[in-house]
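**Student:** Full structure from sequences and hints, please.
Spelled out from the first residue to the last, the chains are:
Protein chains: 2
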Amino acid sequence: MTFDLKSYLDARRALVDAALDKTLPTEDTPPTNLHRAMRYSVLAPGKRLRPILVIAGAEAVGGAAPAVMDAACALELIHAYSLIHDDLPAMDDDDYRRGRLTNHKVFGEAMAILAGDALLTLAFRLIADNASRMSDPRMIARVVADVADAAGTDGMVGGQVVDIESEGKDVTAETLEYIHRHKTAALIRVSLCAGATLAGARPEQLGVVRAAGEVLGLAFQIVDDILDVEGSLAELGKSAGSDERKKKATYPAFHGLEASKQQARTLIAESKRLLDPLGPAATPIRALADFVLERRS
Amino acid sequence: MTFDLKSYLDARRALVDAALDKTLPTEDTPPTNLHRAMRYSVLAPGKRLRPILVIAGAEAVGGAAPAVMDAACALELIHAYSLIHDDLPAMDDDDYRRGRLTNHKVFGEAMAILAGDALLTLAFRLIADNASRMSDPRMIARVVADVADAAGTDGMVGGQVVDIESEGKDVTAETLEYIHRHKTAALIRVSLCAGATLAGARPEQLGVVRAAGEVLGLAFQIVDDILDVEGSLAELGKSAGSDERKKKATYPAFHGLEASKQQARTLIAESKRLLDPLGPAATPIRALADFVLERRS
Numbered sequence: 015m016t017f018d019l020k021s022y023l024d025a026r027r028a029l030v031d032a033a034l035d036k037t038l039p040t041e042d043t044p045p046t047n048l049h050r051a052m053r054y055s056v057l058a059p060g061k062r063l064r065p066i067l068v069i070a071g072a073e074a075v076g077g078a079a080p081a082v083m084d085a086a087c088a089l090e091l092i093h094a095y096s097l098i099h100d101d102l103p104a105m106d107d108d109d110y111r112r113g114r115l116t117n118h119k120v121f122g123e124a125m126a127i128l129a130g131d132a133l134l135t136l137a138f139r140l141i142a143d144n145a146s147r148m149s150d151p152r153m154i155a156r157v158v159a160d161v162a163d164a165a166g167t168d169g170m171v172g173g174q175v176v177d178i179e180s181e182g183k184d185v186t187a188e189t190l191e192y193i194h195r196h197k198t199a200a201l202i203r204v205s206l207c208a209g210a211t212l213a214g215a216r217p218e219q220l221g222v223v224r225a226a227g228e229v230l231g232l233a234f235q236i237v238d239d240i241l242d243v244e245g246s247l248a249e250l251g252k253s254a255g256s257d258e259r260k261k262k263a264t265y266p267a268f269h270g271l272e273a274s275k276q277q278a279r280t281l282i283a284e285s286k287r288l289l290d291p292l293g294p295a296a297t298p299i300r301a302l303a304d305f306v307l308e309r310r311s
Numbered sequence: 015m016t017f018d019l020k021s022y023l024d025a026r027r028a029l030v031d032a033a034l035d036k037t038l039p040t041e042d043t044p045p046t047n048l049h050r051a052m053r054y055s056v057l058a059p060g061k062r063l064r065p066i067l068v069i070a071g072a073e074a075v076g077g078a079a080p081a082v083m084d085a086a087c088a089l090e091l092i093h094a095y096s097l098i099h100d101d102l103p104a105m106d107d108d109d110y111r112r113g114r115l116t117n118h119k120v121f122g123e124a125m126a127i128l129a130g131d132a133l134l135t136l137a138f139r140l141i142a143d144n145a146s147r148m149s150d151p152r153m154i155a156r157v158v159a160d161v162a163d164a165a166g167t168d169g170m171v172g173g174q175v176v177d178i179e180s181e182g183k184d185v186t187a188e189t190l191e192y193i194h195r196h197k198t199a200a201l202i203r204v205s206l207c208a209g210a211t212l213a214g215a216r217p218e219q220l221g222v223v224r225a226a227g228e229v230l231g232l233a234f235q236i237v238d239d240i241l242d243v244e245g246s247l248a249e250l251g252k253s254a255g256s257d258e259r260k261k262k263a264t265y266p267a268f269h270g271l272e273a274s275k276q277q278a279r280t281l282i283a284e285s286k287r288l289l290d291p292l293g294p295a296a297t298p299i300r301a302l303a304d305f306v307l308e309r310r311s
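Going down the list, the protein sequences come from chains A and B.
If you use the numbering used here, the first sequence corresponds to residues 15 to 311, in order.
If you use the numbering used here, the second sequence corresponds to residues 15 to 311, in order.
Calculated directly from the structure, the hints in this document are not laboratory data.
Note that the structure is a prediction, hence the values are computed from the model and not measured.
Treat the hints with care, since some could be wrong.
As the list claims (entries may be wrong) - With a Cα cut of at most 25 Å, we get these calculated DSS-like pairs of lysine-lysine:
1) 183(B) <-> 119(A)
2) 119(B) <-> 119(A)
3) 183(A) <-> 119(B)
4) 119(A) <-> 286(B)
What the hints assert, rightly or not - Computed footprint of chain B on chain A, listed as stretches where at least three residues anywhere in the stretch have a Cβ under 8 Å from a Cβ of chain B:
5) 80–90
6) 140–147
7) 304–310
Unchecked claim - Non-contacting residues of chain A with respect to chain B, defined by C-beta distances greater than 10 Å in every case (computed):
8) 76
9) 152
10) 179
11) 195
12) 260
Glycine included, every Cβ here is placed at the ideal spot set by N, Cα and C.
**Tutor:** Now the structure itself:
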């Protein structure tokens with residue numbers, strides 16, 4: 015029997031979208047413009063990859079979606095905040111994201127900065143809410159700390175800084191990998207880990223999920239770089255080749271397109287192999303790994 | 015025997031400054047520019063009012079500084095992040111803060127945005143670390159949630175949005191109070207509450223601290239508004255009258271200077287009266303309330 019990834023993704027994406035809609039402050043409570051700006055970016059159509067990884071991480075160790083929905087939403091809020099801030103004129107200065115005008119083009123720069131700040135703050139509120147239902151109290155602080163580490167200077171923000179500083183410069187393979195590991199892979203990895211932790215993963219299970227998540231996250235960013243070269247505005251919702259125009263450090267620019275595709279395939283196979291100890295429970299994560307490789311946007 | 019506030023403040027400020035220096039990532043680990051930007055704003059000379067309130071909140075219920083130092087640092091990081099983002103060209107567009115060039119004037123806008131993001135993220139890491147040492151696990155999630163609520167749309171960020179939206183407009187007394195309660199008072203109140211909670215406050219003690227903190231926070235913002243009218247660059251580290259030039263909604267602009275001073279005195283007296291049930295243990299908070307009223311910067 016094969017795993018029906020499309021049904022799996024559709025069902026979980028619907029759960030996540032409903033939870034996000036319910037969790038975000040409504041547009042008819044003040045400050046209404048802030049809430050509109052927050053909802054505009056978070057509720058834009060998206061893959062919901064990170065929240066679905068939270069759910070799949072829980073399922074891989076015997077948990078289920080309802081017990082990790084707050085954390086799943088939190089990871090999407092952190093992702094959305096990072097996109098809003100990255101798109102700002104002072105950063106990547108992008109006009110389109112997910113096929114829509116970027117947040118600051120609609121709501122202005124001040125509101126975009128504040129909406130990002132509010133989303134990051136709300137994310138930690140949700141993680142605390144989710145973790146407070148755990149039986150092992152030490153794990154509550156652990157999940158908050160893990161997510162903060164993956165999102166902060168040792169993770170996503172640190173990677174974004176080095177990415178910006180590397181624009182227009184010749185970078186080494188080490189710098190490129192630093193950017194990928196920190197800017198993207200850290201949040202992918204911690205999505206899986208947060209789900210597994212909240213579902214009560216044993217230490218050895220958590221080690222497996224963490225290792226597979228790191229490799230999966232690297233593959234995700236390489237595929238992202240490939241899509242930027244090959245994709246179209248229709249598929250990506252942003253201008254293809256925009257990384258190249260900005261002279262961003264990308265995997266294809268450094269290693270070439272064919273070698274990049276081979277490396278993505280190798281990493282995806284590696285991430286699936288790493289999941290072996292978890293048996294059939296990790297089938298959704300393995301299918302998600304294939305999805306990461308084959309996605310067109 | 016009178017309480018020696020100066021000695022009290024000097025001793026705790028030294029503790030806080032040492033802890034902040036130790037907690038912030040060093041300038042010789044990458045990404046070095048990000049770490050320099052974070053340290054530049056946080057370690058600028060300051061009153062450290064919020065961290066000292068965390069400590070005083072703990073002391074008021076029988077706790078002591080060492081047990082709440084991570085949370086004390088966290089509240090200063092949240093304050094510093096909010097100043098960095100508020101000073102950005104898209105927001106208040108200020109060139110000076112605490113007598114130094116603002117973060118974006120030194121490090122550029124992109125780095126200032128990211129330094130703020132990193133500080134907010136690190137703050138939640140520190141709160142989790144601090145809370146993880148508590149005996150009552152439910153309190154761990156409680157402290158994270160309280161701080162997130164005070165910093166997010168229902169607190170500081172929400173207040174900042176309404177403040178920006180009110181610039182140059184006639185506002186009602188209700189809007190002015192909304193701004194003050196959310197933009198400033200929420201974080202002051204939660205500083206006291208976080209310290210008290212982490213020190214094991216009983217529910218009725220926490221209620222007392224929360225009520226006094228809210229009133230103290232309102233008084234703090236009114237005094238801030240008064241100082242903006244009366245102060246000098248030397249005292250405030252920013253241009254006096256800058257709120258008026260930007261047509262900010264301020265208490266003196268609405269109620270007049272003398273009525274504002276009277277209201278600040280009334281609120282400070284009220285906050286001290288509210289602390290009565292805590293007895294001598296709340297002496298530092300009462301002295302801090304007087305300090306808030308009498309400060310010249």
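**Student:** Now look at each hint and say whether the structure bears it out.
**Tutor:** A quick look at each hint next to the structure:
| no. | hint | verdict |
| --- | --- | --- |
| 1 | 183(B) <-> 119(A) | 23 Å, holds |
| 2 | 119(B) <-> 119(A) | 24 Å, holds |
| 3 | 183(A) <-> 119(B) | 23 Å, holds |
| 4 | 119(A) <-> 286(B) | 47 Å, violated |
| 5 | 80–90 | violated (count 0) |
| 6 | 140–147 | holds (count 5) |
| 7 | 304–310 | violated (count 0) |
| 8 | 76 | 22 Å, holds |
| 9 | 152 | 6 Å, violated |
| 10 | 179 | 7 Å, violated |
| 11 | 195 | 12 Å, holds |
| 12 | 260 | 13 Å, holds |
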